[in-house]
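Listed below, chain by chain, are the residues.
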Amino acid sequence: MNIRFSGFGGQGIILSGVILGWAAVLDGKNAIQTQSYGSSARGGSCKCDVIIQESAIYELEPEHNDILITFSQPSYNAFIKSLKEGGHLFYDSDLVTVDTNEFPCNSIPATDIAFKEFKQKIYANMLMLGFLAEKIRFIGFRAIEKSISQYVPTKTIEMNIAAFRMGIDLAK
Amino acid sequence: MNNQKYLDSLKNKTLFLQGDEAAAYGALFAGCNFFAGYPITPASEIAELMSRELPKSGGYYIQMEDEIASIGAVIGAVWSGGKSMTATSGPGFSLMQENIGYACMTESPCVIVDVQRSGPSTGQATKGAQGDVLQARWGTHGDHEMIALSPWSSQESFDLMIEAFNLSEKYRNPVIFLLDGEVGHIREKVVFPDINELNIYQRNISLEKIDVFGGQRIPPMIEFGMGQRIHVTGSTHKSNGMRDVSSMEAHDTLIRRIYDKISSNRNEIAHFETHYIDNMDYLAVSYGAAARPTMGAVLKLRERGIKIGFLRLITIWPFPIDICTELGKRTKKIFVPEMNLGQVSREIERFVNCPVESVSKIGGISHTIDEITNYISANI
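Quick mapping for you: the protein sequence lines, in order, are chains L and Y.
All letters in the first sequence, in the order written, are residues 1 to 172 by the numbering used here.
All letters in the second sequence, in the order written, are residues 1001 to 1380 by the numbering used here.
No more than 30 angstroms apart at the CA atoms, straight line, and that leaves these computed lysine-lysine pairs for BS3-like: (1) 146/L - 1013/Y; (2) 1013/Y - 1056/Y; (3) 1170/Y - 1013/Y; (4) 1005/Y - 155/L; (5) 155/L - 1013/Y.
One-sided and incomplete, this derived list gives chain Y residues near chain L with beta-carbon spacing under 7 angstroms: (6) 1016; (7) 1182; (8) 1186; (9) 1187; (10) 1188; (11) 1189; (12) 1292; (13) 1293; (14) 1295; (15) 1296; (16) 1365; (17) 1366; (18) 1368; (19) 1369.
For each label pair, taking beta carbons as the anchor points, the in silico distance ranges come out as: (20) 1326/Y - 30/L: 28 to 38 angstroms; (21) 30/L - 1374/Y: 20 to 30 angstroms; (22) 1134/Y - 99/L: 45 to 55 angstroms.
No wet-lab data here; the hints were simulated from the structure.
Every residue, glycine too, gets a C-beta built ideally from N, C-alpha and C.
Assemble the whole structure, with the sequences as input and the hints as a guide.
Here it is, written out as structure tokens:
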């Protein structure tokens, strides 16, 4: 399964992919995570690919994705064509306007909810990860929570896991 | 914390690491205790991790003012007893070339990581490539041999870094660790071993007063501070280290020896991996990042009934000549996917009689399995 997280630098795009990739390994699967970014540190376009499968992974940069998660209009515009037929599109509904009805769309205003509920926009990525994990049940929640707690700063583990769980609830 | 305690704390751990990070941990397991470098994309993660972890294991990290100073400090540390390394990318690797030659000439064991990015010059700073393969071999001037290794995964990046240090110590030569931006930045599972189960080559140090620049093919070393006088120079020198820049014989003896110590051990240094070579009409040869989709393509082509074998080069220099020659006799055509315009494919051509076709891709995005599959299908 090929999953692409995309948005602007600083939205926690790459961290989402790292957490999901490591969770897949904890769940006993093979996973690789790759990322690409421009020369500018923040605000530039960035993407993060995660490949999860049972067999060995030889593809490094998949042309087509099963899941696209997008947090910005430019990244949606750039990557919507990479989504396979029958793929799943996830996006932040306040930040992205979708111009296709080809795919099952799953959206939440993650950034807005994060700001209202957790006082910081940065938790939007974990909200979206929870939302994704519940909609596409492919990795165990426990593995994802373990991965979150290993990758986010210690002081923010609780908040990140709370955001992840809220994402799960929003998908139900 | 000393190195043993530090490494015990990592024993049998499983982590999700980038190739860069895995290489840095591999260096720590190999006993690296000195790192000098200057950050550059896509190699900065190595410096970052070393700056954090090396002091914990009792080693020293220093950020130098540039790459020329970095490689200078690395070589200096070697002669003070350090197991030392640096990490850079193409532009920095170019700057280091003169002192890499100095390391060859002074037979200073050290590891230089080049996480290759698209060049020449600044090129595509954040994109991977495999364009420095020939520079690793011939970047510095004069006759010399070189050892260069190229891993294809994070786990191999870890394992091979230990081998890189071992080879550098055993042959008293710099070793180029040819990562690429792709493998350097992939995160995947890495399992650390138990340090007590690893073979770490210990530097051959002579406590007696003997010549350390000749007298035998790979002479032992002495180090500053051990009580003996020692002269280390990049000028042509006699076996006692003293300069002799006018005698043809002194130069001939020295250079042939430092050349032969590696070329005569080519088969011991040249690691590779083969798949399906017992039943093949065609052969794919690749290495580093490009070897991943090549392996995927070979599996796909065989599913379609095309008999293709796969040779993955792990050691690039000294070039694994014998296996190429042998396999070349048994195949109709060799395909070489690589992220440059044919640097290794041209090398293979020198040693085989069958046609060799480069499947090159540049621009910072690795081959896909389908691209290689389709190319080979259309050209057999």
